[in-house]
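Chemist: Chains as they are written, first to last, in numbering that gives the first Met the number 0: chain A, 0 to 272; chain B, 0 to 312; chain C, 0 to 512.
Certain hints may be false.
[As the list claims (entries may be wrong)] Taking beta-carbon pairs under 10 Å as the criterion, some of the chain C residues facing chain A (in silico):
| id | residue |
| --- | --- |
| 1 | 234 |
| 2 | 239 |
| 3 | 308 |
| 4 | 309 |
| 5 | 366 |
| 6 | 375 |
| 7 | 378 |
| 8 | 379 |
| 9 | 380 |
| 10 | 461 |
| 11 | 462 |
Honestly, the hints are just simulated from the structure, not real lab data.
We put the CB at the ideal spot given by N, CA and C, even for glycine.
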Amino acid sequence: MRLPFQINAMVGGAIIGFLLLVALCGAFWTPYDPLGISFSDKLTPPGPSHWLGTDEFGRDVASRLMAGAATSVWVSITTVTLAISVGVVIGVTSGYARGWFDRIVMAFNDALLAFPGILLALGLLAVLGANKYGIIVALGIAYSPSVARIVRGTVLSIREREFIAASRVTGNSEIYTMCRHVLPNCIAPLTVLATSMFGWVLLAESSLSFLGLGVPPPAPTWGNMLASARPFIAQAVWLAVLPGLCISITLLGINLLGDALRDRLDPRMRGRT
Amino acid sequence: MRFIITRTAMAIPTLLIVAVTVFILIRMVPGDPAALMLGDNADAESVARLQARLGLDQPLPVQFAVWFRHLLTGDLGQSITTGQEVLPLVWKRFLVSAQIVVVAVFLACLIAVPAGAIAAWRQNGRLDVSLVSLATLLMSIPTFWLGLLLLLFLGLKQQWLPVVGYVSIADDPWRGILYLVMPILTMFLHELGVLLRMARASTLEVKNLEYISHARAKGLAESTVLWRHAFKNSFGPTWTLIGLVLGNLLGGIAVVETVFTIPGIGRLLVDAIFGRDYPVIQGCMLMIAAIYVVVNLVVDLCYPLFDPRVAVE
Amino acid sequence: MQSKLLLVGCLASVLAVPSYADTIRAALNQDLRSSQPGVNRDGNSDTVMAHVAEGLVSYDRGGNVQPLLAETYAVSEDGLTYTFKLREGVKFHNGETMTSADVKWSFDYYLDPETNWYCLEEVDGTNGLKIVSYDTPDDQTFTITIDKPDAMFIDTLARTDCGGTAILHETSLNPDGTWNKPIGTGPFMFGEWKRGQSVQFDKFDDYQSRSDESDGFVGKKDPMVDSIVFMAIPDAATVKIALESGDLDVATIQESDVEEIRANPGLEVGLAWTPVRNTFILQTRDPVLQDVRIRQALAISLNYEELVASVTEGLGKVNNSPVYDTSNFYTEVQQQGFEYNPDKARELLAEAGYNGEEIVVMCNKRAAVPSFNMSVLAQQMWQAVGLNVRLEVLDWPTQLDKYRSGDHMMQATTYSSRFDVASGFEQISGNKDDQPRKVWENPDALELIDQALATLDPAKRQPLFDELHKMILHDVPIIITHNDVSPIAYSTEIKGMDPWTSPMVLWNLSRGE
Numbered sequence: 000m001r002l003p004f005q006i007n008a009m010v011g012g013a014i015i016g017f018l019l020l021v022a023l024c025g026a027f028w029t030p031y032d033p034l035g036i037s038f039s040d041k042l043t044p045p046g047p048s049h050w051l052g053t054d055e056f057g058r059d060v061a062s063r064l065m066a067g068a069a070t071s072v073w074v075s076i077t078t079v080t081l082a083i084s085v086g087v088v089i090g091v092t093s094g095y096a097r098g099w100f101d102r103i104v105m106a107f108n109d110a111l112l113a114f115p116g117i118l119l120a121l122g123l124l125a126v127l128g129a130n131k132y133g134i135i136v137a138l139g140i141a142y143s144p145s146v147a148r149i150v151r152g153t154v155l156s157i158r159e160r161e162f163i164a165a166s167r168v169t170g171n172s173e174i175y176t177m178c179r180h181v182l183p184n185c186i187a188p189l190t191v192l193a194t195s196m197f198g199w200v201l202l203a204e205s206s207l208s209f210l211g212l213g214v215p216p217p218a219p220t221w222g223n224m225l226a227s228a229r230p231f232i233a234q235a236v237w238l239a240v241l242p243g244l245c246i247s248i249t250l251l252g253i254n255l256l257g258d259a260l261r262d263r264l265d266p267r268m269r270g271r272t
Numbered sequence: 000m001r002f003i004i005t006r007t008a009m010a011i012p013t014l015l016i017v018a019v020t021v022f023i024l025i026r027m028v029p030g031d032p033a034a035l036m037l038g039d040n041a042d043a044e045s046v047a048r049l050q051a052r053l054g055l056d057q058p059l060p061v062q063f064a065v066w067f068r069h070l071l072t073g074d075l076g077q078s079i080t081t082g083q084e085v086l087p088l089v090w091k092r093f094l095v096s097a098q099i100v101v102v103a104v105f106l107a108c109l110i111a112v113p114a115g116a117i118a119a120w121r122q123n124g125r126l127d128v129s130l131v132s133l134a135t136l137l138m139s140i141p142t143f144w145l146g147l148l149l150l151l152f153l154g155l156k157q158q159w160l161p162v163v164g165y166v167s168i169a170d171d172p173w174r175g176i177l178y179l180v181m182p183i184l185t186m187f188l189h190e191l192g193v194l195l196r197m198a199r200a201s202t203l204e205v206k207n208l209e210y211i212s213h214a215r216a217k218g219l220a221e222s223t224v225l226w227r228h229a230f231k232n233s234f235g236p237t238w239t240l241i242g243l244v245l246g247n248l249l250g251g252i253a254v255v256e257t258v259f260t261i262p263g264i265g266r267l268l269v270d271a272i273f274g275r276d277y278p279v280i281q282g283c284m285l286m287i288a289a290i291y292v293v294v295n296l297v298v299d300l301c302y303p304l305f306d307p308r309v310a311v312e
Numbered sequence: 000m001q002s003k004l005l006l007v008g009c010l011a012s013v014l015a016v017p018s019y020a021d022t023i024r025a026a027l028n029q030d031l032r033s034s035q036p037g038v039n040r041d042g043n044s045d046t047v048m049a050h051v052a053e054g055l056v057s058y059d060r061g062g063n064v065q066p067l068l069a070e071t072y073a074v075s076e077d078g079l080t081y082t083f084k085l086r087e088g089v090k091f092h093n094g095e096t097m098t099s100a101d102v103k104w105s106f107d108y109y110l111d112p113e114t115n116w117y118c119l120e121e122v123d124g125t126n127g128l129k130i131v132s133y134d135t136p137d138d139q140t141f142t143i144t145i146d147k148p149d150a151m152f153i154d155t156l157a158r159t160d161c162g163g164t165a166i167l168h169e170t171s172l173n174p175d176g177t178w179n180k181p182i183g184t185g186p187f188m189f190g191e192w193k194r195g196q197s198v199q200f201d202k203f204d205d206y207q208s209r210s211d212e213s214d215g216f217v218g219k220k221d222p223m224v225d226s227i228v229f230m231a232i233p234d235a236a237t238v239k240i241a242l243e244s245g246d247l248d249v250a251t252i253q254e255s256d257v258e259e260i261r262a263n264p265g266l267e268v269g270l271a272w273t274p275v276r277n278t279f280i281l282q283t284r285d286p287v288l289q290d291v292r293i294r295q296a297l298a299i300s301l302n303y304e305e306l307v308a309s310v311t312e313g314l315g316k317v318n319n320s321p322v323y324d325t326s327n328f329y330t331e332v333q334q335q336g337f338e339y340n341p342d343k344a345r346e347l348l349a350e351a352g353y354n355g356e357e358i359v360v361m362c363n364k365r366a367a368v369p370s371f372n373m374s375v376l377a378q379q380m381w382q383a384v385g386l387n388v389r390l391e392v393l394d395w396p397t398q399l400d401k402y403r404s405g406d407h408m409m410q411a412t413t414y415s416s417r418f419d420v421a422s423g424f425e426q427i428s429g430n431k432d433d434q435p436r437k438v439w440e441n442p443d444a445l446e447l448i449d450q451a452l453a454t455l456d457p458a459k460r461q462p463l464f465d466e467l468h469k470m471i472l473h474d475v476p477i478i479i480t481h482n483d484v485s486p487i488a489y490s491t492e493i494k495g496m497d498p499w500t501s502p503m504v505l506w507n508l509s510r511g512e
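Just chain A, same shape as in the assembly (with noise of 0.2 Å):
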């Protein structure tokens, strides 16, 4: 029994679409201010006038998830395309090279990859301004030699095979062949990488908070709202649950959307499916 490729693509993209909506909505409206503090209104459990609930400040869930979507998927996405961008160029420029500018190149790469994100970002943080410029810019910069690692591995793997030199010898510059034979190789990878990378940046700004060391509140973002939650467990529950329920189907659907997407550019295997 298998499940038709499209439906899974479907199911992906139209999780996808749903959180961009929500996200571009949370961006410029919300029910209520989600700022706004209200004492009478404490910790609210889901009900008619708040359908969500409200927080340890009386503030309302559901604008705060709103406003907290666009906050989250921006800097999401901006960290996965800044770490992805970065570690390509370096991966690829230091795989096609070789010699002792990879050497060099790599060696930097790894003593970047030994260091815990954990003390990057806040190396980072101080230095860049605990906002989340600076989330975007420590993460980016956190992730990107494992994507550099990935995308170096690939190249090597590839570059002495029959269609690259082929390419090279009817004349193609270095340039064109590495956009044109190289990149595509690695999508797969990146591709997985990429979606998982999107989960880690949520994530890791979560944990960030509940260390001390995240994007500054109040803004809500589903990791600091995530974190603050926890004194809450036993009387708030819906506190923790619906940001986590949030970032759970939202992984779900880039993981499907992501591998929807791979079987589609990866060249080995158009075609089959």
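Since the structure of chain A is provided, determine the placement of chains B and C on it from the hints.
Modeler: Same frame as chain A, but now just chains B and C:
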């Protein structure tokens, strides 16, 4: 043999870069260990005096030279806040974390790699979708939440396991294990999701390669193809990723150790960061980097064992 | 499979909980800094080490200095010589009897710059006062001579951050002069310390207690359990679960957990009122905030009742005065705080020509302080009167750096406790050229604070504190919102709990049935 030597030699510049970067990075971060130790009431003179005693009033290059000279003799200095020798301290804490990470990743691999291969084999089938969904769910629960849920259920509701504390396995093996069950379970569940997705992806890649189709064309049973060719071959890339994951885990374990009050290297590092305990931060980072480098060295050296393609080359 | 799991579970529960019949397990949010009282220390270490080591004098519940190892003490007419009559037959943990020679050894040890005693500057002339000499006229008498009369000297000896100037036996040091472990006279002996995990104190059977009623750090101490284990548990959620599962007996908890813990039949909650002050500090040298009208507008646009009720979950009380509300000096005058008046705040802002200049408030998310929560709530109230306030959330070391250098507009910060009220004023006041961290540099106020520091007589101090209180409400270099109330949860099996300012003082507790 030559490969082993060059590969080992390459680790040295990596560690060197780590040493320098950590040293600079941590000093760029605002915050002063002397002021933190003395608290909000201390006057400027006392802080200056303590700084002088700790050698923090020296210019940075001098501080680095002193630290580096000691480092070459295997001396990582003393903790600013507690006065303990850094090397034994970091090593002891590392061993605590290592037992959690190694057991958790080992168990997770045991399940995730075959499960990922099966999911890939049944790509887009019901089993695949369920496995991927499960993996995604596990991945998307932060470890501090997973840990809390385990504490509530296994510790408080069922009272099966102790909630706080830590006993070294060397002192009391049985109780030692009890204290480790929940942290290991937390890490295990989280890594299960991550590794399953990785294993699935790498199996998918080999699945469609020519020689697999060839094997299939030869008329071999689907299960034989899966086992003999696909699974074995997919282990190579997964193996590389395990190396990456292990390194990352040592950084990420801080959260688990905070939740379960485990005296591991992650918590040591986070506490040291909040106390701006420079020697301890440097010691932890070097230790983590060294372990990471060693693990990846071993991974690279063992790679031919798992990937026939490389062995042939 | 099911039954196998169950079996494992039963086994686990039997083996997991060894008998703690005669042990009290308490939680600290952080491990001890060191076992050296008054040297490498923090608030946790101070209270915990008071179980092991005692000084000549210490505080009662009201924050007054009372004799502890001294039977009595007297000050000479000229205020320069302090004579301590020591109690007879006090034993150290190694069995030796304490004499004035041990006291002298301890003072030699503290005054040696190599020791790095936290309070050395208070008595070596750096901050004014200097110990000229000390002597042992006989085995039971110890005298100290200082260079000028100072009401604060005896308070310095008692201060918890000075380690209570604990009297130690010389075998606390190794033969080579390095620190070994505290050999003191306290009701508990320093036992096994697993760094980063827990420290165990064992009952001292030969403890010689004072006979007067137990009162704070002084009076009768009657160790009844075999041992106390202090466990370092950083995560508040874990502490709560450990209390409920019976893995912990005593712990301070978050205000938001009080209701839940109270609902648990096996647990009780007490409240400890402390002199700790939660505040917003204002940089009076800032271009915007140097206008006193803007500072006043900031102060009166806060609805303190609502703010404090929300931050402390209804447990705390508003107190705008630097005089803490459980102090003897807290009178009707101090009860008169800022008047919440948003309309007047708008007027003041208009008068000052405030035109939406951004005001940045630094805060941090440490679990033990309300800095972040206070800031979120206050931001909302400030914005309501048209103040453009932005929060900057920092990690604590960074914020402390900014605090020490005065490099900020506003900070939500919490001051560690000072029992003496004059010393509490001194904590926030001083010339910023010398000490940039000080917030109040009104010269008239500094004059009055100096007077209060030199005065012993409470009747003469009260008018000074009244005057200072009124001045600070007008100047608004600091907006004090409330004194900390610290909820402490304990198992119903624990008898004798009577929480006060230092809730982790556990020497008179016992385990009932």
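Chemist: Each hint: holds or not?
Modeler: Right, here's what the structure says about each hint:
no.	hint	in the structure
1	234	holds (9 Å)
2	239	holds (8 Å)
3	308	holds (8 Å)
4	309	holds (6 Å)
5	366	holds (8 Å)
6	375	holds (5 Å)
7	378	holds (8 Å)
8	379	holds (5 Å)
9	380	holds (9 Å)
10	461	violated (36 Å)
11	462	violated (38 Å)
Violated hints, in rising order: 10, 11; the structure is consistent with all others.
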